[in-house]
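Throw the hints in and build the complete structure from the sequences for me.
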Amino acid sequence: MKFDKARNLVKFLLAMCLVFCVVGIAASGSQTGVISTFISTAFFVTAFIVIAVYCRCPHCGKRIYLGLFKAVNCPKCRRNLITGAKTKGKKR
Numbered sequence: 046m047k048f049d050k051a052r053n054l055v056k057f058l059l060a061m062c063l064v065f066c067v068v069g070i071a072a073s074g075s076q077t078g079v080i081s082t083f084i085s086t087a088f089f090v091t092a093f094i095v096i097a098v099y100c101r102c103p104h105c106g107k108r109i110y111l112g113l114f115k116a117v118n119c120p121k122c123r124r125n126l127i128t129g130a131k132t133k134g135k136k137r
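If you want this note's numbering, it's the 1-based position in the sequence shown plus 45.
It is worth saying that the hints were derived from the structure and are not from the lab.
Please note that the accuracy of each hint is not assured.
[To be verified] Keeping only pairs whose Cα atoms sit at most 25 Å apart, straight-line, the calculated PhoX-like set for lysine-lysine is:
# : residue 1 : residue 2
1 : Lys56     : Lys133
2 : Lys47     : Lys121
3 : Lys115    : Lys56
4 : Lys115    : Lys131
Structure follows, in structure tokens:
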């Protein structure tokens, strides 16, 4: 799976986690609340699995955890994550 598709999938999974978490809180004390909590936890765990497996630089293979949603360049090889072009400038 490509990096941009994996990032979009993680965004979707975390949004669904938030939706089911709110439903679970709103329906707390009932069976619907418990089921929503388990579904929310499943989405959360799945999001972290997708991050660990698919959110890597396609060039050097470094996993990108922090700043996943705003990352444009790989922090290790300084290449663009979508196009693969080398970034000009100094490392920070």
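Evaluation of the provided hints:
1. Lys56 x Lys133: violated (29 Å)
2. Lys47 x Lys121: holds (18 Å)
3. Lys115 x Lys56: holds (12 Å)
4. Lys115 x Lys131: holds (18 Å)
The structure fails hint 1 only (numbered hints given earlier).
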